[in-house]
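Protein chains in written order, with UniProt numbering: chain A, 1 to 383; chain B, 1 to 383.
Calculated from the structure, these hints are not laboratory results.
These numbers were taken from a predicted model, which means no experiment stands behind them.
Errors might be hidden in some of the hints.
Put simply, identical chains are the same to the list, so a pair is met inside one copy or across any two.
Said to hold, decoys possible - Here are the simulated lysine-lysine pairs, DSS-like style, with alpha carbons at most 30 Å apart:
1) 156 - 371
2) 97 - 156
3) 216 - 206
4) 164 - 72
5) 97 - 273
6) 247 - 39
7) 350 - 164
8) 74 - 330
9) 97 - 164
10) 156 - 350
11) 39 - 156
12) 185 - 247
13) 8 - 353
14) 273 - 39
15) 156 - 247
16) 63 - 373
17) 371 - 72
18) 296 - 8
19) 330 - 72
Protein chains: 2
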Amino acid sequence: MKRIIEQKFAVPYTYPVIFSENIFNVGDQTLADLLDNGKGGKAFFVIDSGVSDSHPELISQVKAYATAHQEKFKLCAEPLIVPGGEASKNDPQYYEKVVEATHLYGIDRHSYIVAIGGGAVLDMVGFAAAVSHRGIRLVRIPTTVLSQNDSAVGVKNGINFFGKKNYLGTFAPPFAVLNDFNFLKTLDDRDWRSGISEAIKVALIKDLDFFEWIEKNATALASREMEPMQELIVKCAQMHLDHIAGKDPFEMGSSRPLDFGHWAAHKMEHLSKYEIRHGEAVAMGIALDSTYSFLKGMLTEGELNRIISMISELGFNLYHEVLSGEMLLKGLEEFREHLGGELTIMLLSKLGKGQEVHEMDQSLVLEAVEKLKVFQSDRLIAN
Amino acid sequence: MKRIIEQKFAVPYTYPVIFSENIFNVGDQTLADLLDNGKGGKAFFVIDSGVSDSHPELISQVKAYATAHQEKFKLCAEPLIVPGGEASKNDPQYYEKVVEATHLYGIDRHSYIVAIGGGAVLDMVGFAAAVSHRGIRLVRIPTTVLSQNDSAVGVKNGINFFGKKNYLGTFAPPFAVLNDFNFLKTLDDRDWRSGISEAIKVALIKDLDFFEWIEKNATALASREMEPMQELIVKCAQMHLDHIAGKDPFEMGSSRPLDFGHWAAHKMEHLSKYEIRHGEAVAMGIALDSTYSFLKGMLTEGELNRIISMISELGFNLYHEVLSGEMLLKGLEEFREHLGGELTIMLLSKLGKGQEVHEMDQSLVLEAVEKLKVFQSDRLIAN
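Chain A extracted, bound-state conformation:
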């Protein structure tokens, strides 16, 4: 006897992505309402040391906020401070600390973990929350441009392992995302700038108007004007969210359009031991794949120049010595492996329009690197 039952179902997800300011003012109800599960929700806060260093008042603010809203939620322990940046994902002890906290403080599936920080810390905490009790509610409070407009609004988490980025992780939508623009004010210039590269990325593959808007606002963005930055973040987050909701939220297929510029970026970050920040690497990765698209005859020289000028005007470098030929080509192979055998790389067929290819011409990749070197020296001369 052979019998087959076809199992079929869909799992619905919904979560709010909120853009706001001063969320820890005791008069602001937003966070307290999120943490109110109707029976006095337990909340555990994990804070990026970069954020608590720049905002020394934050921990006492969090405590005062919890006291003021104790009928809605309770802190179940002192906030846990973890290192910011990739350090939090490279050393598994931080992931383990968060998991252990869920055990020590009885944080269950109807309690909340609130993570405040940059994308790396949110990724790490998100992984710990996702696997403890098969998923504790996670409220993400992203504090950088990059996390507010990109990583924190999405459905992924993870830590690095075996020296490979995000080797361990899950797809797990957050319970809510709460962006506070105030955190952006204390970012250093590199982090302010870094997040813009994800906006350039979605604009280039999906939306010419948005690309031209960034072009027009590049100087204002580079000089840290808050209003265009807020507009950029909301627009970029919306595009990211639409993309996820559009199809294949958990990336079961092999198409990965949002990885435009990312195959080289991942490798560069790793080779530089994370001295190059993600957004900086993505900017160079975009420059590389755009240049490759030009060399391949897919983009005109005028289009390429607009991209290179914009990236340059925003203050990004276009080349770094880790972009050496051999290691870079190894990155291409690793990306192929990561995708599961078939290489899929997003390139550009024009501004605002991505096009996937399934092979890359190695000698053209190396030629593109050489061109970036030239762009970079022109850039240095121009400044």
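Chain A is already provided as a structure; the job is to place chain B on it using the hints.
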């Protein structure tokens, strides 16, 4: 400015649950077809030592099968043998070994991990597969009654941690489930019997006809007749699958109807250091909650007696010394915590109909335990 974007999407899942025999005969295409991803799928096998001990020919059969179907899939390494039973979930080294294998052998999101074994091994391997690269395709080949009719057809995985069952885990539907009835022939009597308790469970809370079918076939099942056992497994798996697809597959709410009889079972397993097997504990847990339902006035004495007789006739014990009052009540508290603050326990309002309650009368729980003690001594006298 405050803006809110409501993100909303659904993630569709589909997987086949296949019931068959002799799946490693080289002439059988079923498994090879599952592992054929169109570009020569890579497959990594993890095998329960209990299964490979009872089937010493299995490893060479797997290799011969892979050789015969090499145009469809390839073994990327020697099969990994891991201990059977809770040992595989209690010691994290086995989980870590599977994760490490994905790294060592380049097993990616379009490759396959094939796990052959009882529910515990499938849970452990499933967790490793779910978090490596954010999810590698998992083909489950369950080999026990319990895993074929219950755990392996579902969407959960996990390992034990901090001395708590399934503390770490995810919801992750398998790529496919392939049941081979042949594996049942070599089960010891305890494992043959164990899986029947999950069928009694779903019958009692959902389906009087199925309960009466089990009643009628209890003697045949106890004497290891294969035909009714196959029928029981397919029916129970179907009910389990329907329940998952019905609503809330990933258990985001707090209703847990399929946990009927399980709160006490989890505690008993742990207290006995897993000397009591899951299905045996569930049988006693069902007896306990049924007796409690009777004491609470929800079931008649006649209904209770039918349940107790059936469990007894199938060869299960009704009482074990770990069912001491104090520890058991602690189990109730842990279950409440596990559910997230509010206790939800499934009881019976009649045969074939569950009813959830949100509190348990502690003195009645202790009284129910005393009654089980009496049922057990009657049972021993009767045999």
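Cross-check of the supplied hints:
1. 156 - 371: This pair counts as neither: shortest intra-copy Cα distance 34 Å, inter-copy 50 Å.
2. 97 - 156: For residue 97 and residue 156, both the intra-copy (20 Å) and inter-copy (24 Å) Cα distances are at most 30 Å.
3. 216 - 206: Close inside one copy (18 Å), not across copies (64 Å); limit 30 Å.
4. 164 - 72: between (40 Å within a copy, 29 Å between copies)
5. 97 - 273: both (23 Å within a copy, 26 Å between copies)
6. 247 - 39: between (36 Å within a copy, 24 Å between copies)
7. 350 - 164: For residue 350 and residue 164, the Cα distance exceeds 30 Å both inside one copy (32 Å) and across copies (55 Å).
8. 74 - 330: The answer is between: 24 Å across copies meets 30 Å, while 49 Å in one copy does not.
9. 97 - 164: This pair counts as both: shortest intra-copy Cα distance 21 Å, inter-copy 17 Å.
10. 156 - 350: Answer is within: at 29 Å inside a copy they meet the 30 Å cutoff, but 44 Å across does not.
11. 39 - 156: both (29 Å within a copy, 27 Å between copies)
12. 185 - 247: neither (35 Å within a copy, 44 Å between copies)
13. 8 - 353: Only across copies: residue 8 and residue 353 sit 25 Å apart there, 34 Å inside one copy, limit 30 Å.
14. 273 - 39: Result: close neither inside a copy nor across copies, 45 Å intra and 34 Å inter.
15. 156 - 247: both (15 Å within a copy, 24 Å between copies)
16. 63 - 373: Answer is neither; intra-copy 50 Å and inter-copy 51 Å both fail.
17. 371 - 72: neither (58 Å within a copy, 43 Å between copies)
18. 296 - 8: Neither: 43 Å inside a chain and 38 Å across chains, both beyond 30 Å.
19. 330 - 72: between (52 Å within a copy, 27 Å between copies)
Consistency note: the structure conflicts with the earlier hints numbered 1, 7, 12, 14, 16, 17, 18.
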